[in-house]
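Respectively, the protein sequence lines represent chains L and A.
The numbering of the first sequence is my numbering, which starts it at 1 and goes up by one.
The numbering of the second sequence is my numbering, which starts it at 1 and goes up by one.
Just so you know, the hints here were simulated from the structure itself, not pulled from any lab data.
All residues carry an ideal CB built from backbone N, CA and C; glycine is no exception.
Do not rely on the hints blindly, as some may be mistaken.
[As the list claims (entries may be wrong)] Here are some, though not all, of the chain A residues that point toward chain L, as calculated from beta-carbon distances under 7 Å: (1) T198; (2) Y200; (3) A218; (4) Q220; (5) L221; (6) P302; (7) W303; (8) V305.
[To be verified] Computed footprint of chain A on chain L; a stretch qualifies when at least three of its residues, placed anywhere within it, have a C-beta under 8 Å from a C-beta of chain A: (9) 211–221; (10) 297–305.
2 protein chains.
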Amino acid sequence: VAAVARAASAFFAEAPNKPFALVVGYTDPHRAAKGFANERTYPGIKPVRFGPDEVTLPSFLPDRPEVRADLADYYQSISRLDQGIGLMLEALDRSGHAGDTLVIFLSDNGMPFPGAKTTLYDPGLNLPLMIRSPAQKKPGMVNRALVSWVDVLPTILDWTGVKGSRNLAGRSLLPILEEENPKGWDEVFASHVCHEVTMYYPMRMIRTRTHKYIRNLAHQLDYPCAQDLYDSPTWQGILKRGDRMMGNRTLEQYVHRPAEELYDLEKDPGELHNLAGEASTSTTLADLRKRLKGWQEKTNDPWLVKYRHE
Amino acid sequence: VAAVARAASAFFAEAPNKPFALVVGYTDPHRAAKGFANERTYPGIKPVRFGPDEVTLPSFLPDRPEVRADLADYYQSISRLDQGIGLMLEALDRSGHAGDTLVIFLSDNGMPFPGAKTTLYDPGLNLPLMIRSPAQKKPGMVNRALVSWVDVLPTILDWTGVKGSRNLAGRSLLPILEEENPKGWDEVFASHVCHEVTMYYPMRMIRTRTHKYIRNLAHQLDYPCAQDLYDSPTWQGILKRGDRMMGNRTLEQYVHRPAEELYDLEKDPGELHNLAGEASTSTTLADLRKRLKGWQEKTNDPWLVKYRHE
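Based on the provided sequences and hints, a complete structural model is requested.
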């Protein structure tokens, strides 16, 4: 972790007066071969340990000792990442470029626990995003725009001064950086094909302020379990006991999914009660189906061909 | 087609006394945007047309006028390929290297008709292979070895004199080129993940002299239809009439497959009667399962992980 900051310092020192783009991917808080690699020592990093009672248990996980221990390990890994980001920002300060550099911090998937990572449920989609711009006047403010990682590239292009439409799916975030409730940012789309090459489970999704609609294109298959999640104490505990529930969700519901899922996120933030097929939601369903299909058409989704057989 | 031979001549002229490897892939007899592109003219090639009554109807296709017309078009495309290969061999003769060049002719998939291409049934697996070696003493002989395209690379390495094991799945064919019934060539394996990226349907297979065993790893899904096959007059005719049969096979059987298929190829060359699960074949099934799994382990098949959930 500290070595990454040192490498970044060396990078800044070599190209002091040229525009640069530095992409840093930490392994924390990814799962390691064993747990979260907390048993290793990390020079320059203070280990921050958590007790099983200190963790916040998400509603999609069972309250079991091994789950709490797994979460505590995860927290420790995040604290290491947190310190690493701090070292990176210090290195940027020392380089003299903090005043002309846009910093974007994000995660590429949800927490590495069943019910989150690889899913299009909110714990798999609602990821950290922090942007620090030197032009910013309200540091620390929270922006309620629904944004997506397809907006990252247009944001960077905008920051570097590249002009003109490039037929990109996303939009630059720079114009709304300092707005708490920007208008016209009320829907996001998501797409998943497979987490590992053997784990085919194509899904398409639209999420609005109030609803989520998921289209499971290969719903006949069991929902696959990423290998790191499969090996986790959390999942192994569920298997060993033969649990029927995983937090508030049944295991059956998690593994066998219908072709379409529709959730009312205001009444049902845990995404437990599928409303697709209920007469009362037919207008919402039709609207979200149409918007999702429109996005697939706009982005030339190859999986649209699937519909030919339906 | 003729242009390919001219390009090959130019290639031979440029490197007259160096070892060379020339890989030529013809578009014939692939399906084109419309039919088999027989309406185009091909300089240097004589069109050979076939009547609908001249074609041999395979048992897996329905005897319908549009199927016979489609097959006749396919034959014409093959006759063009045939002439193209002739021109290539003439170019090789003119180069003076016919006497020190190994010529391998093969097809990369079965005929572009439903029931053949993309399947692991014999019409999708039993592909043309002709090898001409200058050392050959019995030209035109038929070799009954069961071989696979994994044997092509070791054959070429052997021909070029490269020595030593490379941990390859196949074996050189050179030592058995002139044997009609070489010993120890009585099984082949096959693997399929997807024909197009949207067409996930992983299968694994072993074929012996007498039996075939197929493992359909995502059998819950409908068997996908390659786009060129979907658009073919043959498939469109089946859809338009709402046929229940496709030749000797039911459409239901073709589209919805079980997890395991076992066929007695001597009694049932059309692979219509699945014997997996029949008590009388349990020994054969267990044996083929074991051999197929052994091959997956030998080749580090990533899909072996699937078995963890079974």
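Quick rundown of the hints versus the structure:
no.	hint	result
1	T198	holds, 5 Å
2	Y200	holds, 4 Å
3	A218	holds, 6 Å
4	Q220	holds, 4 Å
5	L221	holds, 5 Å
6	P302	holds, 5 Å
7	W303	holds, 5 Å
8	V305	holds, 6 Å
9	211–221	holds (count 3)
10	297–305	holds (count 3)
Comparing the model with each numbered hint stated earlier shows that all of them hold.
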